[in-house]
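**Student:** Sequence:
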Amino acid sequence: MDPGASVKWVKKNAHRMTSDLVRQQIRQRLEEGRLPRDHTIELWRGHGFGQICDACGDPIPSTDLMCLMCSDDWRGIRMHECCVELWDDERRLRPA
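As numbered in the numbering used here, residues 141 to 236 make up the sequence shown, in order.
Among the clues, some could well be false.
What follows is a set of in silico ranges between Cβ atoms, one per label pair, in the way DEER data are often shown [what the hints assert, rightly or not]: (1) Glu172 x Asp228: 11 to 21 Å; (2) Ser159 x Pro199: 15 to 25 Å; (3) Ser202 x Glu171: 12 to 22 Å; (4) His179 x Glu221: 31 to 41 Å; (5) Ser202 x Leu233: 28 to 38 Å; (6) Arg215 x Gly186: 29 to 39 Å; (7) Ser202 x Arg234: 11 to 21 Å; (8) Glu172 x Cys210: 29 to 39 Å; (9) Trp214 x Ile192: 13 to 23 Å; (10) Glu225 x Thr203: 16 to 26 Å; (11) Gly186 x Asp228: 14 to 24 Å; (12) Ser211 x Leu233: 12 to 22 Å.
Keep in mind the hints are simulated off the structure, nothing from the lab. Small disclaimer: the values here were computed from a predicted structure and weren't measured. Ideal placement from N, C-alpha and C gives every residue a C-beta, glycine not left out.
Throw the hints in and build the complete structure from the sequences for me.
**Tutor:** Spelled out as C-alpha cells, the structure:
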C-alpha cells in the first residue's frame, strides 16, 4: 500500500465532510428562516473583506470570493461563493 494513499484520501474527503457540515447548517438556517428559500437579487460578487458568511458562519477573507445578495424582504445576504452553490442546491431540494 502506498504510504501517501491514506493522506490523499483524508485530503480528498476532508472537503466532502466540510461540505456536508455546511449543507447541514444551510438546511437548519433555511428551516429557521435565516436564509431565503425564494428568489434573491445578486448585488455584487468579489473578494470578501472579513464579513461573516450567512450560510456557514465563517469569516469571508479577502482571499475568498463573496456574493452579496438581497432577499425579498430586503435583507442583505453574504456568502462565500462555494456556499452559494450549496445553498442553491439545498433550497431547491427542500422547497417551502
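**Student:** Does each hint hold? Answer for all of them.
**Tutor:** Here's how the hints hold up against the structure:
Evaluation of the 11 to 21 Å hint for Glu172 and Asp228 yields a pass: the beta carbon distance comes to about 18 Å. Between Ser159 and Pro199 the CB atoms are about 18 Å apart, so this pair conforms to the stated range of 15 to 25 Å. Checking the proposed 12 to 22 Å range against Ser202 and Glu171 shows it is violated: the Cβ atoms sit about 32 Å from each other. The hinted range of 31 to 41 Å is not satisfied by His179 and Glu221, whose Cβ atoms lie roughly 19 Å apart.
Remark: the range hint 28 to 38 Å for Ser202 to Leu233 is upheld by a beta-carbon distance near 32 Å. For the pair Arg215 and Gly186, the supplied restraint of 29 to 39 Å is violated, since their beta-carbon distance comes to about 19 Å. Roughly 32 Å separates the CB atoms of Ser202 and Arg234, a value that falls outside the hinted 11 to 21 Å. A beta carbon spacing of about 19 Å between Glu172 and Cys210 contradicts the range 29 to 39 Å that was offered as a hint.
Restraint check, Trp214 to Ile192: a C-beta distance of roughly 19 Å satisfies the suggested window 13 to 23 Å. Checking the proposed 16 to 26 Å range against Glu225 and Thr203 shows it holds: the Cβ atoms sit about 18 Å from each other. Gly186 and Asp228 have their C-beta atoms about 19 Å apart, which keeps the hinted 14 to 24 Å range intact. Checking the proposed 12 to 22 Å range against Ser211 and Leu233 shows it holds: the Cβ atoms sit about 19 Å from each other.
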